[in-house]
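Visitor: Same order as they appear, the protein sequences are chains A and B.
According to my numbering, the first sequence is numbered sequentially starting from 54.
According to my numbering, the second sequence is numbered sequentially starting from 12.
No lab work stands behind these hints: they were computed from the structure.
Positions of the beta carbon are idealized from the N, C-alpha and C atoms, including for glycine.
It is possible that some hints are incorrect.
[As the list claims (entries may be wrong)] Reference listing, derived: stretches of chain A covered by chain B, where coverage requires no fewer than 3 residues with Cβ under 8 Å from a Cβ of chain B:
hint : stretch
1    : 77-85
2    : 124-136
3    : 154-164
4    : 249-255
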Amino acid sequence: MDAFTKLTGVAAPMPMANVDTDKIIPARFLKTIKRTGLGVHLFDTLRYDAEGKERPEFVLNQGPYRKAEILIAHENFGCGSSREHAPWALLDFGIRCVIAPDFADIFHNNVFKNGILPIRLSREICDQLMEDAKQGDNARITIDLAEQVVVRPNGEKIPFEIDPFRKHLLLNGLDDIGQTLQHAPSIDSYESKQKAEKSWMPGISL
Amino acid sequence: MAETKPRTLFDKVWDAHVVEQLPDGTCVLYIDRHLVHEVTSPQAFEGLRLAGRKVRRPDATIAVADHNIPTMGRANGIQEEDSRIQVETLERNVAEFGVPYFPILSAQQGIVHIIGPEQGISLPGMTIVCGDSHTSTHGAMGSLAFGIGTSEVEHVLATQTLLQKPAKNMLVKVEGTLGAGCTAKDIVLAIIGKIGTAGGTGHVIEFAGSAIRALDMAGRMTVCNMSIEAGARAGMIAPDQTTFDYVRGKPYAPKGEALDRAIAWWSTLPADPGAHYDTVVELDAAAIAPMVTWGTNPEAVVPVTATVPNPADEQDEAKRAQLARMVEYMGLTPGQKITDLKIDVVFIGSCTNGRIEDVRAAAAVAKGRKVATGVRAMIVPGSGIVKQQAEEEGLDKILIEAGFEWREPGCSMCLGMNPDKLTPGQRCASTSNRNFEGRQGPGGRTHLVSPAMAAAAAVSGHLADVRELA
Chain A
54 MDAFTKLTGV AAPMPMANVD TDKIIPARFL KTIKRTGLGV HLFDTLRYDA
104 EGKERPEFVL NQGPYRKAEI LIAHENFGCG SSREHAPWAL LDFGIRCVIA
154 PDFADIFHNN VFKNGILPIR LSREICDQLM EDAKQGDNAR ITIDLAEQVV
204 VRPNGEKIPF EIDPFRKHLL LNGLDDIGQT LQHAPSIDSY ESKQKAEKSW
254 MPGISL
Chain B
12 MAETKPRTLF DKVWDAHVVE QLPDGTCVLY IDRHLVHEVT SPQAFEGLRL
62 AGRKVRRPDA TIAVADHNIP TMGRANGIQE EDSRIQVETL ERNVAEFGVP
112 YFPILSAQQG IVHIIGPEQG ISLPGMTIVC GDSHTSTHGA MGSLAFGIGT
162 SEVEHVLATQ TLLQKPAKNM LVKVEGTLGA GCTAKDIVLA IIGKIGTAGG
212 TGHVIEFAGS AIRALDMAGR MTVCNMSIEA GARAGMIAPD QTTFDYVRGK
262 PYAPKGEALD RAIAWWSTLP ADPGAHYDTV VELDAAAIAP MVTWGTNPEA
312 VVPVTATVPN PADEQDEAKR AQLARMVEYM GLTPGQKITD LKIDVVFIGS
362 CTNGRIEDVR AAAAVAKGRK VATGVRAMIV PGSGIVKQQA EEEGLDKILI
412 EAGFEWREPG CSMCLGMNPD KLTPGQRCAS TSNRNFEGRQ GPGGRTHLVS
462 PAMAAAAAVS GHLADVRELA
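Same shape as in the complex, but just chain A (with noise of 0.2 Å):
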């Protein structure tokens, strides 16, 4: 996983709630066994047509943000399903924060494995967001993740808060795996511990 650090860039504003995953990537996409290329199908419906021809009103349809690093959206994005093909389709078209009040769980879990940093604000300041981000081109956003702010283009300053443990994986590009391995010893006396307290678990053999 590729570090986040600090990012300036486009932000593609779509002032929409509940943008499922099934929006972000369509169920017929995850067919599958890589997680590149899926760049091309992020917001498929959304961004074509029956015809697969783009639809010009699609937000990542036009000029600047075409190359969007970050994405402002309304209430509870990512909802549905768990498919981390919905982060993945985000960070192949190049988007590595998504801003919004706030996120579905499983979706929030899973974007920070990919090192896509959400971030939540509240609808109002998303708003204010969403109109820097209608500029284009001419207003681009800072994201400074050591600093935990949001820096508009008029220069002002938006803290915002996150687990310190994420912050520092994300920081550092560490993956998950790695740091719960260091706990190997404490997963093992607690395997030790569950098959003499729980002896009536079975285990699993065809």
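With chain A's structure known, arrange chain B on it following the hints.
Guide: Relative to the frame of chain A, chain B by itself:
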């Protein structure tokens, strides 16, 4: 010693699985059961391979292919190349890593959330995960069960743990008796209608109250299955005699004296008196009617007796725009009666409603009736075992006689990853769990209902109130 604080069902299952708590409160949480399917696992196994890691507990892992597989003629192989590659990849991975696997032509094959409880693999008090959001289904056993992404699938394969912080506790109490024609599906749709698609975010919901206690295990699974549609991390129901009776005799469940010891522990899991819930919601079961979703998220739900809402009545501008978009996508007119909506397709199945009880409910309505002209009605059992059982009971004959397609088990038209899809504009009465735009096929229009209501729609040709078919 200080008295221990009263704990909820969730608190107890959580506490029993904390391997280690890190200074910031993150826990290394032990996972008892890991269910693996073909869509969200290939990249996880690839990750293990690249890092030279093994599966830590193959004996706590079970794999099955369900999302992609055809529901007709599968003995002839999978025709769609990308689907076939995904299933073959799973088969190669389970062989390489020594993971138990139910092959696609075996009777044990089925939707991962149907087969876990059915095989006695999912048991009370366990932590259960799967790379699928409807893992919440297994919470009906009194377990903590939740969906994870592929990175976490890899994490569990490698370490048998997850890094997690505890969720908040929500209690949803449904008291009273359900009216005739009303089911567990109507309860959960009513709950989502009340708390909204994000109402459960950050919480684990415990479903309780006399109406929940009165449900059989199939109904409890339907309720917990849709916890995620209310945004909850998981749904749980306290284990009781109904649970223990269900577990007894299941192939992979403990037996004899081991089962007695298990039940002794499971009986300690229900919440202590005075346990704290961060949020409490109450519903009156008697006030619940058969429910139908009209829009493109499960919170857009009304009783079957209602009409299509008018977006103009909504005060909030953003919400008004969202409702208008739903009305447009669904091809509706505000004020139109729900029962006037003509149906093209009926889908009965999925991890929400693909159990034998659901097939029975559909057959009870279909018996002696015919699927209306112009309607395609399909019924997809949740597993090979459900299919066998239904055939032993002669339900397949009733349904085929009525004009239903009787198919082979899998996820099917719930998400249209196999050939079972809606075409643009088709309107479907579906017993599945999501009515998102394009969920059942691009441009498809989904109305979520119970199996009885789906069968009623099939024989009526339009959405219909099952209570009037008696």
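Visitor: Each hint should be assessed against the structure and marked as holding or not.
Guide: Comparing the hints with the structure gives:
1. For the stretch 77-85 of chain A, the assignment as covered by chain B holds, since 6 residues bring a beta-carbon within under 8 Å of that chain's beta-carbons and 3 suffice.
2. Coverage of the stretch 124-136 of chain A by chain B holds [criterion: at least 3 residues with CB-CB distance below 8 Å; count 8].
3. Evaluation of the coverage hint for the stretch 154-164 of chain A: fulfilled, as 6 residues show C-beta separations to chain B shorter than 8 Å, against a requirement of three.
4. Counting residues of the stretch 249-255 of chain A whose beta-carbon sits less than 8 Å from any beta-carbon of chain B gives 5, enough to reach three: the coverage restraint holds.
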